[in-house]
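Colleague: Residues per chain, in single letters:
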Amino acid sequence: MRREIPLAITGIVGVVFVVQYFIPHFPFSRMNDWFSDWFSIVQACAIWLGALNLLKISAQKIAARKSDWIYSIVIVACFFLIVIIGFIEGESFRGQGTAFSWLYDYVYTPLSATMFAILAFFVASASYRAFRARNFEATLLLGAAFFVMLGRVPVGDMLTAFLPDGYRLSALASWVMNFPQAAGQRAIMIGIALGIVSTSLRIILGIERSHLGGE
Amino acid sequence: MLVAGIILVLTVIAYLAKVVGGFEGVQFSPTVSVIVVILLAASLLWILVLTLKGRLIGRRVVFLYVGIAVSLPLFMSISQKIVISPETQQLYDAISELPSGAKVLVSFDYDPPSAPELQPMAEAFLYYCFTHDFKVIVIGLWPQGPQQANLAIDKLLALPEIEAKNLQYGIDYVNLGYQAGNEFVIQRMGGSFESMFPTDYSGHPYSDLELVRNIRNFSNIDYSFNLSAGYPGTQEWVQVAVDRYGLSMGGGNTAVQAPMMYTYLQAGQLAGLLGGMNGAAEFEKLVGREDKGTRFMLSQSFAHMVVIAFILIGNVAFIVGGRKKKL
Numbered sequence: 000m001r002r003e004i005p006l007a008i009t010g011i012v013g014v015v016f017v018v019q020y021f022i023p024h025f026p027f028s029r030m031n032d033w034f035s036d037w038f039s040i041v042q043a044c045a046i047w048l049g050a051l052n053l054l055k056i057s058a059q060k061i062a063a064r065k066s067d068w069i070y071s072i073v074i075v076a077c078f079f080l081i082v083i084i085g086f087i088e089g090e091s092f093r094g095q096g097t098a099f100s101w102l103y104d105y106v107y108t109p110l111s112a113t114m115f116a117i118l119a120f121f122v123a124s125a126s127y128r129a130f131r132a133r134n135f136e137a138t139l140l141l142g143a144a145f146f147v148m149l150g151r152v153p154v155g156d157m158l159t160a161f162l163p164d165g166y167r168l169s170a171l172a173s174w175v176m177n178f179p180q181a182a183g184q185r186a187i188m189i190g191i192a193l194g195i196v197s198t199s200l201r202i203i204l205g206i207e208r209s210h211l212g213g214e
Numbered sequence: 000m001l002v003a004g005i006i007l008v009l010t011v012i013a014y015l016a017k018v019v020g021g022f023e024g025v026q027f028s029p030t031v032s033v034i035v036v037i038l039l040a041a042s043l044l045w046i047l048v049l050t051l052k053g054r055l056i057g058r059r060v061v062f063l064y065v066g067i068a069v070s071l072p073l074f075m076s077i078s079q080k081i082v083i084s085p086e087t088q089q090l091y092d093a094i095s096e097l098p099s100g101a102k103v104l105v106s107f108d109y110d111p112p113s114a115p116e117l118q119p120m121a122e123a124f125l126y127y128c129f130t131h132d133f134k135v136i137v138i139g140l141w142p143q144g145p146q147q148a149n150l151a152i153d154k155l156l157a158l159p160e161i162e163a164k165n166l167q168y169g170i171d172y173v174n175l176g177y178q179a180g181n182e183f184v185i186q187r188m189g190g191s192f193e194s195m196f197p198t199d200y201s202g203h204p205y206s207d208l209e210l211v212r213n214i215r216n217f218s219n220i221d222y223s224f225n226l227s228a229g230y231p232g233t234q235e236w237v238q239v240a241v242d243r244y245g246l247s248m249g250g251g252n253t254a255v256q257a258p259m260m261y262t263y264l265q266a267g268q269l270a271g272l273l274g275g276m277n278g279a280a281e282f283e284k285l286v287g288r289e290d291k292g293t294r295f296m297l298s299q300s301f302a303h304m305v306v307i308a309f310i311l312i313g314n315v316a317f318i319v320g321g322r323k324k325k326l
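Here the protein sequences come in this chain order: Z and L. Residues in the first sequence are numbered consecutively from 0, following numbering that gives the first Met the number 0. Residues in the second sequence are numbered consecutively from 0, following numbering that gives the first Met the number 0.
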């Protein structure tokens with residue numbers, strides 16, 4: 000039963016979602032609403048589960064003194080700091096001028112942005128070390144990257160200001176984005192969609208069971 | 000190396016001083032700005048010469064140049080001409096056609112890491128909405144989205160021209176907060192907004208909010224704008240709200256995500272697209288309020304130039320080294 004019940008739920012919910020798209024009337028419309036609400040509830044619970052799991056893993060790391068365990072102390076301390084401040088400030092914890100919003104605005108936001116900004120340094124370093132014109136395809140990619148990177152910033156047009164309006168780098172970058180790039184994206188998206196359809200069918204029909212664990 | 004390092008440190012100190020206050024006048028004159036650019040270009044040329052001689056640079060030098068390229072332009076007095084792309088113009092045209100009092104749904108589907116790109120877009124879009132008396136309904140499919148929305152709204156409400164309008168929460172704008180459930184939230188909103196957002200961000204019941212009291216679903220929304228940094232985001236909004244419920248929508252995406260949206264743009268499923276900080280700068284120009292997007296474009300231009308320069312230098316090293324040498 001541990002396998003049959005989840006498989007039955009998956010199959011019923013999957014079929015209802017497919018059918019309600021084409022027949023948006025009772026009872027499928029009502030069932031769609033139920034299942035959508037269930038999904039929101041399950042996802043909200045998953046957020047809690049994720050937070051508790053993070054705490055558990057961090058606590059285990061600290062207890063076992065694994066590598067970089069000191070960072071786990073920071074995680075646990077920050078977790079409790081935010082939660083405690085949130086609880087102390089009550090329902091209006093996200094309002095203007097609260098300690099919670101101060102932490103969000105002046106600690107969390109700049110730190111998150113900084114972590115993301117570090118990518119710029121690694122992208123530059125990786126491009127320098129690995130972006131090579133090794134063969135025809137790589138050279139084509141290199142050329143496209145060159146024109147798009149320059150064309151997507153104002154300096155590209157400044158460098159080609161001597162050319163007529165429609166022939167400057169921004170126009171070239173726009174052409175690359177609208178035609179070769181969009182065509183490639185479309186092909187990838189159609190491929191992904193077909194993959195999703197086949198995998199979904201396998202899951203709904205109970206052929207694919209890896210999401211239940213094992214196999 | 001030492002000189003470059005000193006320049007970087009001084010730049011960071013000067014920027015901090017500028018932010019903290021007291022050094023409002025820290026700005027290179029156009030002549031100094033040009034000299035700095037020439038010095039930067041000359042040093043890159045010197046690295047190229049060294050590479051041709053077989054002396055390769057380490058990755059720390061690359062990091063240093065990226066740091067300089069991003070920070071120095073913050074003080075330069077070089078103006079760049081922002082060229083409006085067709086996709087940005089399309090977004091502007093779409094909202095220009097909306098009448099005063101139009102109901103606009105804005106979904107904040109991002110968190111602070113993507114804020115440097117998306118926050119300027121959010122501010123420019125909301126600025127246009129507020130100055131043109133649109134009614135703004137904010138939601139978020141990312142937990143931090145509504146908080147980002149509040150940051151943008153609070154900043155705009157402090158502007159004299161917006162303050163003069165005396166906008167009222169619940170009447171002129173409302174923040175319905177975050178709801179878990181990704182695309183299922185969008186799907187349920189197609190039937191009823193209230194079922195997904197029984198209360199707003201601050202806990203006020205949906206039916207008590209004058210602005211949304213009579214809004215049942217997407218059919219009551221005139222235009223929607225989605226600020227997206229990933230999943231769930233513009234793609235899910237297009238697949239559910241636009242495709243199924245016929246919502247008119249524009250997108251504001253990070254530069255990484257924007258290329259994926261061109262297919263929807265060409266298919267007419269998206270009414271306009273802002274891509275990355277460049278998109279934000281273009282939109283700021285169109286709405287007539289040049290802010291962070293425009294200010295930081297010079298840094299982005301420099302960073303792009305430096306990355307391109309290092310790609311060229313890396314390829315020179317690759318060719319000179321007999322296509323074998325690793326960096």
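It is worth saying that the hints were derived from the structure and are not from the lab. Treat the hints with caution; some may be incorrect.
What the hints assert, rightly or not - No more than 16 angstroms apart at the CA atoms, straight line, and that leaves these computed lysine to aspartate or glutamate pairs for EDC-like:
id	chain 1	residue 1	chain 2	residue 2
1	L	K154	Z	D164
2	L	K102	L	D171
3	L	K80	Z	D164
4	L	K164	L	D207
5	L	K80	L	D221
Colleague: So, for every hint listed, does it hold in this structure?
Modeller: Evaluation of the provided hints:
About 37 angstroms separates the Cα atoms of K154/L and D164/Z, which puts this hinted pair outside 16 angstroms; it is violated. Of the supplied pair hints, the one linking K102/L and D171/L holds, its CA atoms being roughly 9 angstroms apart against a limit of 16 angstroms. The hinted pair formed by K80/L and D164/Z meets the criterion: a straight-line CA distance of about 13 angstroms does not exceed 16 angstroms. Proposed proximity of K164/L and D207/L is contradicted: the alpha carbons are some 22 angstroms apart, above 16 angstroms.
Between the alpha carbons of K80/L and D221/L the distance comes to roughly 33 angstroms, so the proposed pair goes past 16 angstroms and is violated.
When held up to the earlier numbered hints, the structure conflicts with 1, 4, 5 and fits the remainder.
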